[in-house]
Each structure stands twice: as C-alpha cells, then as structure tokens.
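Work out the full structure: start from the sequences and follow the hints.
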Amino acid sequence: MKKIKTIDEAMEYIKDGMTIAFGGFMGVGTPEKLVDAILAKGVKDLTIICNDTAFPHNGVGKLVVNKRVKKCIVSHVGTNPETGRQMNAGEMEVELVPQGTLIERIRSAGAGLGGVLTPTGIGTVVEEGKQKLNIQGKDYLLELPLKADVAMLQGSIVDKKGNVYYSKATRNFNPIIATAADLVIVQAEKLVEAGEIDPSDVMTPSVFVNIIVDGRE
Amino acid sequence: MIQDKERKREVIVKRVAQELKDGNLVNLGIGMPTLVANYIPEGVDILLQSENGYVGIGPGPEAGKEDKDIVNAGGQPSTVVPGAAFFDSSMSFTIIRGGHLDITVLGALQVDQLGNLANWMVPGKMVPGMGGAMDLVVGAKKVIISMEHTAKGEAKILKKCTLPLTAVGVVDMIITEMCVIEVTKDGLLVTELAPETTKEEVSAATEADLIFAEDLKVMNV
Numbered sequence: 004m005k006k007i008k009t010i011d012e013a014m015e016y017i018k019d020g021m022t023i024a025f026g027g028f029m030g031v032g033t034p035e036k037l038v039d040a041i042l043a044k045g046v047k048d049l050t051i052i053c054n055d056t057a058f059p060h061n062g063v064g065k066l067v068v069n070k071r072v073k074k075c076i077v078s079h080v081g082t083n084p085e086t087g088r089q090m091n092a093g094e095m096e097v098e099l100v101p102q103g104t105l106i107e108r109i110r111s112a113g114a115g116l117g118g119v120l121t122p123t124g125i126g127t128v129v130e131e132g133k134q135k136l137n138i139q140g141k142d143y144l145l146e147l148p149l150k151a152d153v154a155m156l157q158g159s160i161v162d163k164k165g166n167v168y169y170s171k172a173t174r175n176f177n178p179i180i181a182t183a184a185d186l187v188i189v190q191a192e193k194l195v196e197a198g199e200i201d202p203s204d205v206m207t208p209s210v211f212v213n214i215i216v217d218g219r220e
Numbered sequence: 003m004i005q006d007k008e009r010k011r012e013v014i015v016k017r018v019a020q021e022l023k024d025g026n027l028v029n030l031g032i033g034m035p036t037l038v039a040n041y042i043p044e045g046v047d048i049l050l051q052s053e054n055g056y057v058g059i060g061p062g063p064e065a066g067k068e069d070k071d072i073v074n075a076g077g078q079p080s081t082v083v084p085g086a087a088f089f090d091s092s093m094s095f096t097i098i099r100g101g102h103l104d105i106t107v108l109g110a111l112q113v114d115q116l117g118n119l120a121n122w123m124v125p126g127k128m129v130p131g132m133g134g135a136m137d138l139v140v141g142a143k144k145v146i147i148s149m150e151h152t153a154k155g156e157a158k159i160l161k162k163c164t165l166p167l168t169a170v171g172v173v174d175m176i177i178t179e180m181c182v183i184e185v186t187k188d189g190l191l192v193t194e195l196a197p198e199t200t201k202e203e204v205s206a207a208t209e210a211d212l213i214f215a216e217d218l219k220v221m222n223v
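If you read the sequences in order, they're chains A and B. Numbered by my numbering, the letters in the first sequence go through residues 4 to 220 in order. Numbered by my numbering, the letters in the second sequence go through residues 3 to 223 in order.
In case anyone wonders, no lab produced these hints; they're calculated from the structure. In this text the structure is predicted, and so the values were computed from the model without any measurement. All C-beta atoms in this analysis are idealised placements derived from N, C-alpha and C, irrespective of residue type, glycine included. Check the hints yourself; a few may be wrong.
What the hints assert, rightly or not - For lysine to aspartate or glutamate, the following DMTMM-like pairs were computed, each having C-alpha atoms within a straight-line distance of at most 25 Å:
1. A:Lys193 / B:Glu203
2. A:Lys141 / B:Asp104
3. B:Lys144 / A:Glu130
4. A:Lys193 / A:Glu15
5. B:Lys187 / A:Asp142
6. B:Lys127 / A:Glu15
7. A:Lys163 / B:Asp71
8. A:Lys171 / B:Asp47
9. B:Lys144 / B:Glu184
10. B:Lys70 / A:Asp39
11. B:Lys162 / A:Glu15
12. A:Lys36 / B:Asp104
13. B:Lys219 / B:Glu203
14. B:Lys70 / A:Glu35
15. A:Lys171 / B:Asp104
16. B:Lys143 / A:Asp142
17. B:Lys127 / A:Glu85
18. B:Lys70 / A:Glu85
19. B:Lys144 / B:Asp71
20. A:Lys36 / B:Asp69
21. B:Lys23 / B:Glu156
22. A:Lys47 / A:Glu12
23. A:Lys171 / A:Glu131
24. A:Lys171 / B:Glu184
25. B:Lys127 / A:Glu96
Unchecked claim - Across the chosen pairs, the derived CB separations fall in these ranges:
26. A:Lys135 / B:Met128: 38 to 46 Å
27. A:Leu147 / B:Glu156: 17 to 25 Å
28. A:Glu96 / B:Leu218: 48 to 56 Å
29. B:Ala157 / A:Lys74: 46 to 54 Å
30. B:Glu156 / A:Glu130: 25 to 33 Å
Okay, structure coming up:
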C-alpha cells in the first residue's frame, strides 16, 4: 500500500468539525506544514487534542489565533494569551486536563482499555463529575479514554512503510496519539527507504501510520 | 528580615539546593525553582527531569547553538548532559506519577497547614492550566515549595487555602526567604530561620498556626 501522499491529497481527509490530535510540546514536535495546510484550506470548528496551545506563532497556537478551534483539550494554555482571551470571552471551549492524565487517556484509547485510574486531581476541581474508586485503600479517579478522528505527527525520520523515529524532545505526545485516531498522518522531516531505520530504533511502528507527507515538499 | 529582592531569591534557592542529595532525580518547576540548578553542592550528582520527555537537563545553550529539537518544560531552548535519556510523555509521567521522582520543587500561590497546595489558577484572572503540576505533587516522593513568604504583604501560608487546589495534603516542606517549614502531622514546624529574621516576624507574615522547633537553627545561606 502506498502511504506517501502530497499535503494537498492528505488534506482531502480533513473536514470542518473534526477532532484532531497533534504531537508537540510548546510546538516542538508539531507538524507545522500540516498546521499551515489546515489554515490554508480554511478548515474550522475543530476540536484539538494537544499538550498545550503552544505560542501564538507556532504549532497549534496558529489554529487558535486564526479562530479555527471550537474546543481544545489540553493541559496548559499559559504561553498563548489568545487561548485565554477566547476562553474568557466564551469564543472557545477549553478543557484543562492534568498532563499525565491527558496522555494516559489517549494511551488507554489506543490500547483498547476502558480508561485509567489515577490519583491525580483527587480533592480538586478535576474530580468534578467523575467516578471515584477506592482501590486497596487509596482513592483514584476514573478517567475515560480519549480518541481523535485524525492524529497529526511530526516524525524526524520516516521510512516509506511509515515507521517513525523521533529526535530528542520532539517525541512527547507523538507516539501515543499515533495509536488513538482513525486516521494517522505523519509529516516526515526526513523520508528514507524502508530498512534505513534500524528496526530497533523504530518508535512508532508503521502499522499505526496511514499517510506520510514529505515535510520538505 | 531580608528586604532585598535579589537576596531573597538567593536565600531561597540556595537553601532548596541543600535538600538535593547525591543520586536524586529532581524536577524543578518553571521560574525561581529553575535557579536551584545553579547552586547544587559540589560532588552532588543530580539528574534533572523535564516533563516534556527527558532526564538529564543541561545548561541553557549558547546563543546560536540552540537545538530546535530540545526545549525544557517552559518551551525554552535547552541542552542535555552526557547520560541523558529522551522518552515520550507517557514514560515521562510514569516517572512522575509512579513514585520514581525523588524531589519536585515548585512555586505556590497558597499553601496551608494541612499541606494542601494551590498553584495553578486564580479564578477569573489567571487560568494557565495545571500542566504537569498536579501529577508532580501527587507522585514525587518529596514536594518542596519554594516561594517568597508573602505576596505584596498578603500571607500565602494559610490555615486553609482559598484558591482552587492543585492537590490535597501533598506538601512536605516550604522554603521561603524567612524560614524553612516542615509539614508534619502535628502542623507546620519551623525548623530554621533565615539570617536576620525573628520568630515574631515569621509569625506576623504567616496566617497558619506555626510550631517553632526546640532546636531552631539559622539557615546556612
């Protein structure tokens, strides 16, 4: 199966109102070309899942600034003042989730689990409306799986089968969101032939990846 | 008591640094806690964790030598030390929440005498999000709050926090420019005073009930 597509071909799958998960932490590890392509296509009313809303000039921060986001599910918005402004003005819904809980909600969706039990958030506003369970004498919150329609990854090195290697701190949410979306698109910083990434160095196996776009395009 | 802003910070971060023991895995929060890295005692080998996905934070890079693939948890360019390791966010919070982190050092808006912590939002004013803070304080073996003792003259160490909590009963130690406080089952125990600082000054700047240790010491800063 040929997974390599142009950015325009990949964008044919992206529609208004979709839920899209993005890799990246303060924009590092976010596929910027895919974000730019969403902006260029005019897609709107998105629900985005990401660690944070980055800065106004990078990552998913650009989607917020350009008012393409209906709701964001993130752990932190402090570095993008526009997120706070839209949240306070009631223009965008913001669901704040503790970072460790956010990643495990995504991981549980990808792993076929019914959720995750965490002590994080007990006794805080985070526990509102959630089921609390006492397991072996300790309280936990039941946090439910979180899945996206599309996951957008940045791979530092991607082979033509779709195996992905992430450089340094760009890994963050990328390999986890790759498991929890109906369609997974990876933007390759460097695209290589199958076999050029040592199988032991593969961080996201090709089985999760549907579409590869060449980031140098 | 100490008045000079710079000296206050120096006292706090120097004293926090003395809590770090050889071999510890430590997470330093954004802002003042980051400065603790500059005062780690000679011969003490510490591994610093960055919640975006690595252990082994190095110093900030020289201008022009930034690596676009390495930022710290504040989104600023960073480096790594020899022996560092990168991983994904699930692993990062396995380390944090799973009890593998020896010490986390964070700032606070309010702390109370039950060890409750509020440091992530002021309703209607500041809602940056909790980021990794709720996981850090729940998971780390030791939670140290490093902060100025008061905010614009208002007490921050209270009988009961009034702001939304980050977590319940998690704080082990509070280090300010006035004193060192240990959170015990009997209440807040002041174990050290800063130089030039009296018990009366500490009590006046604190709303919570304080117990002064019998062997009250002076901070070595």
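Okay, the hints, checked on the actual structure:
Restraint check: the Cα-Cα separation between Lys193 of chain A and Glu203 of chain B comes to about 61 Å, which exceeds 25 Å; the hinted pair is violated. Between Lys141 of chain A and Asp104 of chain B the CA atoms are separated by roughly 21 Å; this keeps the pair inside 25 Å, and the hint holds. With a CA separation close to 23 Å, the supplied pair Lys144 of chain B and Glu130 of chain A stays within the 25 Å bound. A hinted pair counts as satisfied when its Cα atoms are at most 25 Å apart, and Lys193 of chain A with Glu15 of chain A qualifies at roughly 23 Å.
Taken as a hint, the Lys187 of chain B and Asp142 of chain A pair is honoured in the structure, with Cα atoms around 20 Å apart against an allowance of 25 Å. For a cut-off of 25 Å, the pair hint linking Lys127 of chain B to Glu15 of chain A is broken: about 41 Å separates their Cα positions. For the suggested pair Lys163 of chain A and Asp71 of chain B, the alpha carbons sit about 23 Å apart, so the restraint of at most 25 Å is met. The straight-line distance between the Cα atoms of Lys171 of chain A and Asp47 of chain B is roughly 23 Å, inside the 25 Å bound, and the hint therefore holds.
Taking the CA atoms of Lys144 of chain B and Glu184 of chain B, the gap is about 11 Å. The hint holds against a cut of 25 Å. For the suggested pair Lys70 of chain B and Asp39 of chain A, the alpha carbons sit about 19 Å apart, so the restraint of at most 25 Å is met. Distance hint between Lys162 of chain B and Glu15 of chain A is unfulfilled; the C-alpha atoms sit about 54 Å from each other, more than 25 Å. A hinted pair counts as satisfied when its Cα atoms are at most 25 Å apart, and Lys36 of chain A with Asp104 of chain B does not qualify at roughly 39 Å.
For the given pair, Lys219 of chain B sits about 16 Å from Glu203 of chain B by alpha-carbon distance, which is consistent with the 25 Å threshold. Of the pairs offered as hints, the one joining Lys70 of chain B and Glu35 of chain A holds, with about 13 Å between alpha carbons and a cut-off of 25 Å not exceeded. The straight-line distance between the Cα atoms of Lys171 of chain A and Asp104 of chain B is roughly 24 Å, inside the 25 Å bound, and the hint therefore holds. About 18 Å separates the Cα atoms of Lys143 of chain B and Asp142 of chain A, which keeps this hinted pair within 25 Å; it holds.
A distance of roughly 14 Å separates the Cα atoms of Lys127 of chain B and Glu85 of chain A; the hinted pair therefore holds under the 25 Å criterion. Under the criterion of a C-alpha separation no larger than 25 Å, the hint pairing Lys70 of chain B with Glu85 of chain A is consistent with the structure, at around 24 Å. A hinted pair counts as satisfied when its Cα atoms are at most 25 Å apart, and Lys144 of chain B with Asp71 of chain B does not qualify at roughly 30 Å. Pair hint Lys36 of chain A plus Asp69 of chain B holds up; C-alpha atoms about 19 Å apart against a cutoff of 25 Å.
A threshold of 25 Å between alpha carbons decides the hint, and for Lys23 of chain B with Glu156 of chain B the separation of about 33 Å lies outside it, so the pair is violated. Among the hinted pairs, Lys47 of chain A with Glu12 of chain A is consistent with the structure: their alpha-carbon atoms are about 18 Å apart, no more than 25 Å. Among the hinted pairs, Lys171 of chain A with Glu131 of chain A is inconsistent with the structure: their alpha-carbon atoms are about 36 Å apart, more than 25 Å. Note on Lys171 of chain A and Glu184 of chain B: the hinted pairing is violated, with a Cα-Cα distance of about 38 Å set against a maximum of 25 Å.
Between the alpha carbons of Lys127 of chain B and Glu96 of chain A the distance comes to roughly 17 Å, so the proposed pair stays at or under 25 Å and holds. For Lys135 of chain A and Met128 of chain B, the Cβ-Cβ distance of about 28 Å falls outside the hinted range of 38 to 46 Å, so the restraint is violated. Checked against the given bound of 17 to 25 Å, the beta carbons of Leu147 of chain A and Glu156 of chain B, roughly 39 Å apart, lie outside it. For Glu96 of chain A and Leu218 of chain B, the Cβ-Cβ distance of about 51 Å falls inside the hinted range of 48 to 56 Å, so the restraint holds.
About 38 Å separates the C-beta atoms of Ala157 of chain B and Lys74 of chain A, a value inconsistent with the hinted range of 46 to 54 Å. At about 28 Å, the CB distance of Glu156 of chain B to Glu130 of chain A agrees with the hint of 25 to 33 Å.
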